[in-house]
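Residue strings, one per chain:
Protein chains: 2
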Amino acid sequence: MMKFYYAPYTCALASHIALEEAGADYEAIRIDFKSAQQLSPDYLSINPKGRVPALVTGRGVITETPAILAYVAQTNPGSELAPIDDPFAFAEVQSITSYLCSTVHPAHSHGIRGSRWADDPAALEAMKAKVPQNMTDNFNVLENRYFRGPWVMGDKYTIVDPYLFTISEWLKQDTVDINKFPRIADHFNRMKQRPAVAKAVAEERGKI
Amino acid sequence: MMKFYYAPYTCALASHIALEEAGADYEAIRIDFKSAQQLSPDYLSINPKGRVPALVTGRGVITETPAILAYVAQTNPGSELAPIDDPFAFAEVQSITSYLCSTVHPAHSHGIRGSRWADDPAALEAMKAKVPQNMTDNFNVLENRYFRGPWVMGDKYTIVDPYLFTISEWLKQDTVDINKFPRIADHFNRMKQRPAVAKAVAEERGKI
Numbered sequence: 031m032m033k034f035y036y037a038p039y040t041c042a043l044a045s046h047i048a049l050e051e052a053g054a055d056y057e058a059i060r061i062d063f064k065s066a067q068q069l070s071p072d073y074l075s076i077n078p079k080g081r082v083p084a085l086v087t088g089r090g091v092i093t094e095t096p097a098i099l100a101y102v103a104q105t106n107p108g109s110e111l112a113p114i115d116d117p118f119a120f121a122e123v124q125s126i127t128s129y130l131c132s133t134v135h136p137a138h139s140h141g142i143r144g145s146r147w148a149d150d151p152a153a154l155e156a157m158k159a160k161v162p163q164n165m166t167d168n169f170n171v172l173e174n175r176y177f178r179g180p181w182v183m184g185d186k187y188t189i190v191d192p193y194l195f196t197i198s199e200w201l202k203q204d205t206v207d208i209n210k211f212p213r214i215a216d217h218f219n220r221m222k223q224r225p226a227v228a229k230a231v232a233e234e235r236g237k238i
Numbered sequence: 031m032m033k034f035y036y037a038p039y040t041c042a043l044a045s046h047i048a049l050e051e052a053g054a055d056y057e058a059i060r061i062d063f064k065s066a067q068q069l070s071p072d073y074l075s076i077n078p079k080g081r082v083p084a085l086v087t088g089r090g091v092i093t094e095t096p097a098i099l100a101y102v103a104q105t106n107p108g109s110e111l112a113p114i115d116d117p118f119a120f121a122e123v124q125s126i127t128s129y130l131c132s133t134v135h136p137a138h139s140h141g142i143r144g145s146r147w148a149d150d151p152a153a154l155e156a157m158k159a160k161v162p163q164n165m166t167d168n169f170n171v172l173e174n175r176y177f178r179g180p181w182v183m184g185d186k187y188t189i190v191d192p193y194l195f196t197i198s199e200w201l202k203q204d205t206v207d208i209n210k211f212p213r214i215a216d217h218f219n220r221m222k223q224r225p226a227v228a229k230a231v232a233e234e235r236g237k238i
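Residue numbers (the numbering used here), protein chains in the order written: chain Y, 31 to 238; chain C, 31 to 238.
Excised from the complex, chain Y in its bound form (with noise of 0.2 Å):
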């Protein structure tokens, strides 16, 4: 059985879902952010990154979201989470993923965990001050050029959707109405209904 490492409230989410879409067999293990256990010398032998999410196979451990979610997808092909026999529509797939993970989850960050990239108070400050627009920005490029509905890549689900689902629940601490995408709104609003959806996010914080 597979161990799947992460925290609530984290980008491990999107992971989490992706297994429970694909039914795939695995323990989610939560690691405490409070006590910074993700920096103790267990963790770091799993991810010496001090980061969730980690999945440890059989085989070793896989980090990183994009890496993961591809990984569950090829590794449950009866589930169709992508496209993997098709190396472009799969780019695609791909495109947003780095794009989440590169630009729209560090936008995110510098709201809340600003100290990664400066030291100084009043840059932290000046950091979360610019968060709202750079969140609306990378919303209105996913919201007008990407989201092809009614999932992300289409008619068919994918794992960029509980990526997408994940990050776009972060809009509210980032001051940010998430009304201001409908399409995404709707998405997100309709993923809440899904039971992998419900069902991940019960064993992490048990509740919605």
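Derived by calculation from the structure, the hints in this document are not laboratory data. Don't take each hint at face value.
[To be verified] Distance condition first, Cα-Cα at most 30 Å in a straight line; then the derived DSBU-like pairs of lysine-lysine: (1) Lys79(Y) to Lys210(C); (2) Lys160(Y) to Lys158(C); (3) Lys79(Y) to Lys202(C).
[Unchecked claim] Across the chosen pairs, the derived CB separations fall in these ranges: (4) Ala159(Y) to Asp115(C): 46 to 56 Å; (5) Ile142(C) to Asn170(Y): 19 to 29 Å; (6) Gly80(C) to Lys158(Y): 18 to 28 Å; (7) Glu110(Y) to Gly90(C): 18 to 28 Å.
Remember, predicted model here, so these are calculated numbers, not experimental data. Even for Gly, the Cβ is constructed at its ideal location relative to N, Cα and C.
Take the given structure of chain Y and dock chain C to it, following the hints.
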């Protein structure tokens, strides 16, 4: 023929090298950042994010380095640039490309493009001050935990190698001595000997 949009000294070099390694049929087109061509309506119609790289294929556009790298590997199986038939080994590759795009590249960007995340000039200086430490931390993780040698993933050269090479080259600007990471420094020097690297670099800027 595919069109590959790049700007010199950006992460686009990684995909450019991969296209060369694969012997792909493409035309390289330079985007002039000095005149903000990446924000022109013509280019935004290709990549609404106003960034490079972008690869225009017969079926549409692929953006984001990890997505392009995987696509080049999957569509050129004979070049053996990734273990595309082994989902776990492929996930290990993608764990590194995701880490480079989501953590290491942004760590570098805070030195030269801090205005993405804050407007206050003092904040930009505070971000810049932390770049050497963050890049050192990230490269220590790569050197000590992920780099297998002689190539990043071990005996086989993969799409991860041009990506690491591209970001390794930025260490100088980040005032981090690459020789603090002996295996990566050796990798950097060996990469420069590869014809595909020399060709891509020459096409972008005429020298290495």
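Hints, one by one, checked against the model:
{"no.": "1", "hint": "Lys79(Y) to Lys210(C)", "verdict": "holds, 19 Å"}
{"no.": "2", "hint": "Lys160(Y) to Lys158(C)", "verdict": "holds, 17 Å"}
{"no.": "3", "hint": "Lys79(Y) to Lys202(C)", "verdict": "holds, 23 Å"}
{"no.": "4", "hint": "Ala159(Y) to Asp115(C): 46 to 56 Å", "verdict": "holds, 48 Å"}
{"no.": "5", "hint": "Ile142(C) to Asn170(Y): 19 to 29 Å", "verdict": "holds, 25 Å"}
{"no.": "6", "hint": "Gly80(C) to Lys158(Y): 18 to 28 Å", "verdict": "holds, 24 Å"}
{"no.": "7", "hint": "Glu110(Y) to Gly90(C): 18 to 28 Å", "verdict": "holds, 21 Å"}
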